[in-house]
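K.L.:
Read off the chains here:
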Amino acid sequence: MLETRNPEIDVDALMLRLRSRVSELERGHDESLPGKTLALRNSVFINSLEAFINIADQKAQLRTQWPSHLGGPIFGSSKLRWLVLRALAFLFKDQRHVNEAFIAAFRESISLNRQLIEQVEILRKDHEILKKSVSESAAER
Amino acid sequence: MRNGSTAERFRARLGIVTPWFGFQLSGGAEQQSWQLAHHLANAGYLVDVLTTCCASFNDDWAHNALPAGTQRSGNIVVKRFRVDKRDRRAFARVNAVLTGLRPEQLKRSVSPIGEDEARVFEEDNINSSALLRYLAADGASYRALVFIPYLYGPTLAALPAVADRAWLQPCLHDEPYAYLPAVRRTAHAARGILFNSAGELELAVSLFGPGIIKKSTLVGQGVEIPKDSGSFAERIGNFVPRSERYVLYLGRQDPRKNVGLLVHAFGEFRRRHPMSPLKLVLAGERSTSYGDTGKGIVDLGRVDETEKAALLAHSLALVQPSTMESYSRVMMESWLHGRPVVVNEQCEATATVVRETGGGLLAGTVSSWESMLYYVDVADSKALDAMGERGRLHALHSSSWPKVIEAYERALGLRVAGNGPRPRGLETIRQVSAGSAPLARHYADALTRTLERAQVRSFLSESPLAGSDDAPLVVHHTCGVVEEAAPLPARGAALICHAEAAATEQHQLACRATLSGAVASYGTAFGSTPSTVAELQAVGFDEPRFLPICVDPRDWDCDDDRPLAKALQDGCTNLVYVGPFNELESLDQLLTAFLHYLTLDRDSRLVLVARGEVDETIYGRVSAKVRSLDLVDRVLLARDIAEPQLQSVYRCAHLFWSLDEGNSLGEGFLQAMWFDVPIIAYKTEVSTRLVGDAGLLIADKSDLMAVAALAQIVVTDGELRRRIVRAQRTARACFDAETIARDLLDRLAVPGREPQEAH
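Line by line, the protein sequences give chains A and B. Residues 3 to 143 (the working numbering) make up the first sequence, in order. Residues 72 to 830 (the working numbering) make up the second sequence, in order.
One chain only, chain B, in its complex shape:
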């Protein structure tokens, strides 16, 4: 059900911010912003396009070719702002450095260029101070502002100024620009991020970390369904599509789109098969021509819509060699005409969908492109048609504009998910805790984010249990903490019991007595570890439930520690343990296993991060052991590290490795799952509950060489890693902070917001 009438929709004013805007512009992002603006306007929204006076990407970015001001284009309003002067040469110099970088030189969270050069890229990009001033003054009048695409001034400079209502539609590719600090800042600043394809979303998470997952939405991209073939052009210059055998490249003829590779592969193909009538047709804007009729390469330059339709309909296949695609609109257009595609296997966005649908072929190297061209040339037309049909069915399903607009409405908060009226929640939930304040804060945050219009009042450290307040009371109790020896509140809706690993037998007895006394006064009970659940059951609570610690990836929606990230991406394999330091034996075993691992992979590093319960003596002994084994260069030992540093550790980790035997809260496991780090852990109650469905559990660690060999297999076997990570993604959803909060709310019978899923 739509959340609001048509009249309400008319009131919602939306802005699309893009550097260039016009019907005639052929770039992917330009076409997307044009079509999105018109389709949103057709759906009833007031749409303003905020753009510059620069005519196109190919024009001088400091030249105001179009008049500034407001004009109406159909049912949208276009506001153009004058571009600023810029140092074109300085920008070109930095741009040349960036485009010359090879993929292996790019490291996550590390700027590929120096700070000064990065500043030149931002300041001498296409920029408009007038647009910035307008957004500062009138930005609040928009319900939502969509910034397309990510790498130009209007997005990099303006988005942070209106971050509370800014959605970034990055049109992201795996290219050097995506690694710039300004781009990371923008991605973290945006209220939401919209993606064209699943591959693009994957890339963004790998570049910006799991902090963006909760605010990301896969909206897809709409493509117009082709009209009747009677309206297609018969000929384009001297070229008659109907009577030719050709493969088609459609789009900007730019070296960055890998056209050179395609032309080279086609040349090789023609050299080996000189009698083949197959031609390569290039259609799209270009500054230099690749055309060579002698070699069968036909350059048609820019074509209009009817010519494009004719070329697509009569081609044997569309070829898309670019690795820099976030979606590839032309691929969908080709499929809508029932023609198969050949795409670059190194492009996540296009290759993923071709693999899934079977609507085409994949090629990477020159020789594989040559083989695919040969295949297309000699293949049975029925086989090509069948591939094209599979693609057509997918395109019809995924690129329909009504569905895409619906996804935008949901993402921008213009439409709510689910059916029926929203249940009214309680206004307040009270939480009380003395010794377990940080844990209680985790739950409080999760509850606040989950409850609809409600407020969680946490009384941490003190206990102002005002008698008049009848909101449900959630009490946190930690067994073994002296401060909690005080009696529990007389009545409460729920009791959450945590365990202190260092608790003495005397503490445990006291705790058991406290819990026994609370059985009759509390509606329901939860244990944050399996052992506390057993304890609650033992004292007489009816069906106590396991409620693991809340880990919310939104806490990492910020920059990580760049110097540390750079240091950890030096080519070494990073094996990581993050958790308590309260048991010497398991840490000792981990060090010995790592010594074995070093015999298998000399370029590896063990990162030990002490978090949670840290015993000073044990920490000191581990540190001494690292020195005595001469592993100072190979083992990074740290404690009390800040969140950005922890984020860097996880983002650069190849494996989470725990031989811990204690019943920790398992926070490290959940964090590793969010960072897609495969987990190998010693089998304990906690690891079985949290990791058992996805990662690998070691039941016997007597042979540490075998443990090391297992770690090496997981680190080096890409397919095994993928399987573990895939299952970990499913598992983490069960332990998501909102799912946990919902579990708690269900027991309290409090309705809350539907869990928000990252699409």
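Chain A on its own, in the form it takes in the complex:
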């Protein structure tokens, strides 16, 4: 049924795969699409959470360089800039620790969520396999 002169394609293996796929279809088995969609949605959601936390992490770092758009006669002196940066670092020291703790906690929470989603996916697959074997044994009986 199938031909190709492409040396990288094993036609026999592909035919075998095709036959098995067709017999699978004839048995009426199909992968559950909603499950896939759910996994994709969860993954997108977790990725967006991670993006937020990365922004927060970046903004929580200690500022060591003067913002390029804040210049002018008042902040022209490099010594004044250094002093202001040091003062800010000192004033917000506690806040920085609080932020870092929050970010770390949130990262752990994301990691936990990811693990839970993976486990739910495994359980869902197990459930499908079980359902399939039950229906097959019922058909045999």
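No false leads were slipped in.
In silico EDC-like links for lysine to aspartate or glutamate, alpha-carbon gap of 16 Å or less:
| id | chain 1 | residue 1 | chain 2 | residue 2 |
| --- | --- | --- | --- | --- |
| 1 | B | K178 | B | D630 |
| 2 | B | K298 | B | E378 |
| 3 | A | K61 | B | D325 |
| 4 | B | K366 | A | E102 |
| 5 | B | K474 | B | E295 |
| 6 | B | K754 | A | E5 |
| 7 | B | K328 | B | E416 |
| 8 | B | K350 | B | D448 |
| 9 | A | K95 | B | D363 |
| 10 | B | K696 | B | E656 |
| 11 | B | K772 | B | D659 |
| 12 | A | K61 | A | E102 |
| 13 | B | K350 | B | D363 |
| 14 | B | K328 | A | D59 |
| 15 | B | K178 | B | D632 |
| 16 | B | K178 | B | E246 |
| 17 | B | K772 | A | E5 |
| 18 | B | K156 | B | D131 |
Because the hints were derived from the structure by calculation, they are not lab data.
Dock chain B against chain A, hints included.
P.N.:
Chain B alone, transformed into the frame defined by chain A:
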């Protein structure tokens, strides 16, 4: 052999246009433009760098920190132009939207932001009207202008103004900016595009389509070979590289470079292995510090060249977490010091070369980065050295400046490929055709592009065969077209025979008689389908050859249809057929196979595009069948679509699917190959000749469910798709318009230009 003496080279004036220029600038594109300018100047060219008065990427882009005017820097001339005022807040707002987009939100040919926002990005970017005025006035005095990189005002606004001599060196990454309409316009407008790595070229073709392939060149990037280790710095502040165990991040400490991921992964690594002495050293410009000595993260900030060399030489490995690299100069520098690298597997440009050379490791997620850091920490030093050595050999070979400059010279037309004097071609080739004008035009275009200094005079529709003209005459003849019932010209150099599928038996008999009469008068004969080749052989032509239809990807070097591209990228699988509508049964079978396919993948769509021979009745019946099967939402039926729309269809296609049994010209197969769409086709003479070496041919279509299952396997199996596409790329080169024209010229004994290859 160099095409021109040193004196000629001195006359060639080259320009490099870049927003920021200076030795001290550490960005990849900035370093590249600095080194390229100096190396081109050292090779004997007059090099002008056209840049702005803005000091660096990190400065305010509306602030003219440096004086405008011309100054000499070594053997190059730097011309600085004042930057324009801009609305910084508006730009920052749009930029925030762009940087917040996730990869899955980006679609090819579709702007990720609205038109107004896209305009803000262009207008409030770093811009210089003075530079634009200068290029408008003096641009023609440059033999070539290289614009580096792609996403800033000097390139987006100025390149189209001097497009005929403009080469774009995009330094492209897969990032939201690359999807902006202005960037696509610039890529299509440029005369040529220069790439740093094969991965970058792949990305560009996927973003801008196959239209750019013929004008693209992989030039690579040169990197300085490290000097004697005696000149390396002993210590950087309190840090002594020689006595530390560390992995090194070198470059701008910017969240967009994924430094956050690296720092996080290193934190995880230290949490699990608190006794490890391994440190993470960050070296490079930054606005905020990631340094935390308590966690083993050492932030050295900006380092000079001797410090950088010492850090590279004594590191266990270089870590490059960025996905936004077009080349990664630091990776090459690390390899030149014999040290391995760990790169992000999602970055095409770096991951491809690491996979190919074995000069390092790949990581993607936080946990895999953590694993790689652990591996580097505990690995035998010999294993790391071996990886570093493999990388070093590759870097020595690929990043040598003389080779890179030679590639630039070829790409910019300063040096010609091949050896020996260029053969002189004939000045003119005449073509004549009556009924097959569009086909003849394809060949005429291919000949014009292939012949050196020659001209193809096509007499389409009329036949002014002036007797005095003794240029070789190529005659197109289509069997079955009434207009061509007229006798063929008495003599000719070559006869190209095309077939009309709808030809009646009477037409075929008439055609056979015409061809029989021409055997003695024509030097050589070609058939555009295997059946016409057989026909030519049958009437007595000596060794007629197959000359498929010319498909030239340069025809798609323009924007495609954005609304259609957006509609087709809605998450559905697009199965595409483009070809004649002259046979109901095969189209009926395709619809039935698609019904089976829908049971396997509910989110799929069949796109049927009628091109070439279209029978009105059959088109109407297919349309009625689509309605009767209630497939109106699933089948997109179209005819007479414009080239931009056809381009969108191919660019969004997952599979080219043809069950056509007729002997079409196979134009659809060749087009699909250029767009890297894997092909499944029913086995016919044409599909066997064009697709047989690469795609899949169906010899028996009695089981349409199996045909649908095969289509699904090809759509979903990434490795199988890659294998098919790889072979299709090789196959398409054999049917490339220039290769076909060369075939024709060889038979006419006319020397032409060497086929131009996309590198």
